[in-house]
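Enquirer: Each chain, written out:
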Amino acid sequence: MAQKTKELMALTGNEAAAYAMKQINPDVVAAYPITPQTELMQTFAQYVADGLVDTELVAVESEHSAMSACVGAAAGGARTMTATSSQGLALMWEVLYIASGLRLPIVMSVVNRALSAPINIHGDHSDSMGARDSGWIQLWSENAQEVYDNLIQAVRIAEEVFLPVMVNLDGFIISHGVEVVETLPDDTVKEFVGERKSPYRLLDIDHPITVGALDLQDYYMEHKRSQAEAMRTAMPTILKVGKEFEGIAGRNYEAVENYRLEDAELVVVALGSTCGTAKDAIDELREEGIEAGLLKIRVFRPFPWEEIKSALGSKKAVAVMDRAEGMSAVGGPLFHEIRSCLYDLTNRPLTVNYIYGLGGRDVAIEDIKKVFYDLVSIAKLGKVEDFYRYLGVRE
Amino acid sequence: MQEMLEIRWHARGGQGAKTAALLLAEALMGEGTYVQAFPEYGPERMGAPMRSYDRISSKPIRLHTSIKTPDVIIILDPSLLTDPSTMEGLKEDGIILVNTVEDPKTVREKYHIKGRKIYTLNASQLAQEELKRDLASVPMLGALIKVTGLRSLEVFLHHIRKELERKFAHRPEVIESNLKLYKRAYMEVKGE
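Residue numbers (my numbering), protein chains in the order written: chain A, 86 to 480; chain B, 5 to 196.
One chain only, chain A, in its complex shape (with noise of 0.2 Å):
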């Protein structure tokens, strides 16, 4: 039965996305389908079995062989996507350098859980952080509506720039839990992400090509520098199609959001599910008096700069949130890069970092509100102590 108007449903994260890969309606879905991988595949292949998409699916041996079908399938001229969670993406490490540098647009769920040992299946970062530098583009998703929003929007993006892309969604937190979301029509969403057209098709007899070559000191450089310009002038595709998607839904997509942020003066940086509750925490905050705001980050990669620049410029204080631990022995990822951003201002905030909700332990707007105090008393003080810091640890 086709969907024909605006419907609000109550779905979790995994069903969210699932059905957004129904209507998206792929040639070729490759996949593991045992754990770490989550209900969302489950859903999928249910729609599969009812004859309720056209697509492929290939149920594989293990998630390095997922990614390996989805590059195959890519390079043939398939719309493919698969999803993934912590160790699946773990084992996927190598095929995804091939699936980015051979310029493959396949579009991934990953639902962000924590990486053994210990043992720990909860929400956590890790997974996609590790992956930071493997090529991929990376939007983040707060909920489940942007969870089925950015899935959408990335099979447009992914296609346009030639360059792979994950959509990430906290795991249990977002995965699990059941919230409102608003879904399109069926031809809506159909006619927004539209036909696949790869001018380079392996099983395009007429025009043969050559993928996956071997290419040594005379070439790979360059080809290196062509794929890191494909993410350096991503962002202006991401931004259009997130206009594109506004006409359609109503939603506003950019590659950050801020959060009562033009006035604060003490900003929270965080991805994922809890800048929802920090949303909350800093209306409460701005009750008691005090400037907080919040700035989202959607896209991860390419790394919003400008945006960052311009978001925090005239900030007094910015706590950073890390829901991985880097191991770098001085913060988390994206604490580095958000710092590192700010070097060339001449009126930089002060910046502190935090480790927060690994192995899913749960964020109260208590927890937030008390980094928005430590905020408060850096800005009074004018200088960070211990910049690499720990929220809701025993120690």
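Errors might be hidden in some of the hints.
DSS-like, lysine-lysine: derived pairs with alpha carbons at most 30 Å apart [claimed, not checked]:
1. B/Lys166 - A/Lys91
2. A/Lys454 - A/Lys468
3. B/Lys171 - B/Lys187
4. A/Lys364 - B/Lys72
5. B/Lys72 - A/Lys454
6. A/Lys89 - B/Lys171
7. A/Lys454 - B/Lys63
8. B/Lys63 - A/Lys364
9. A/Lys275 - B/Lys166
10. A/Lys91 - B/Lys171
11. A/Lys455 - B/Lys72
12. B/Lys109 - B/Lys194
13. B/Lys95 - B/Lys109
14. B/Lys150 - B/Lys118
15. A/Lys364 - A/Lys468
16. B/Lys95 - A/Lys455
17. A/Lys328 - A/Lys364
18. B/Lys63 - A/Lys328
19. A/Lys89 - B/Lys166
20. B/Lys63 - A/Lys91
21. B/Lys171 - A/Lys275
22. B/Lys63 - A/Lys89
23. B/Lys187 - B/Lys150
24. A/Lys454 - B/Lys95
25. A/Lys455 - B/Lys63
26. B/Lys95 - A/Lys364
27. A/Lys275 - A/Lys325
Just so you know, these hints were derived from the structure itself, not from any lab.
Position chain B against the provided structure of chain A, taking the given hints into account.
Expert: Structure of chain B alone, referenced to chain A:
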């Protein structure tokens, strides 16, 4: 309805508390009602204590955190009342809904509960009768609708039927027995 109602389910793995929490949210969503439902998994095994949560609100819900000061707690295994953390944070005028053979007065005395409103239902037996399984979470949904007055029984049954039809498209036989259970629970739940 107050702006936001928060419900915390206390159960053991296998009693269906996750599914019930999600189903409740799905059935109440729409017409200006926003919902959120999520489980809290520990080790996923039969019999292990677990919790799930519902938020029901007249405004969009942005929070992504567990519920620490619930308006309602639903207890699927009364032995969980011996754990002090079960009652933790429950509001002074909050509701306790327990699956037990005992009546509210006995529960109050046995577990030394002060204040709050206690309701009981022999949900395990009802589930055994209708589903041939101890899925106590199913009748508790009907009881919850009665004690909170969130919806009239008719409106609730109308909406949850649609959700059941979607969810159990491949097992239609469970739909009628679930609906019958909600009705029985709605009638049989006991207050003080």
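Enquirer: Okay, which hints does this one fail, numbers in order?
Expert: Those not satisfied: there are none.
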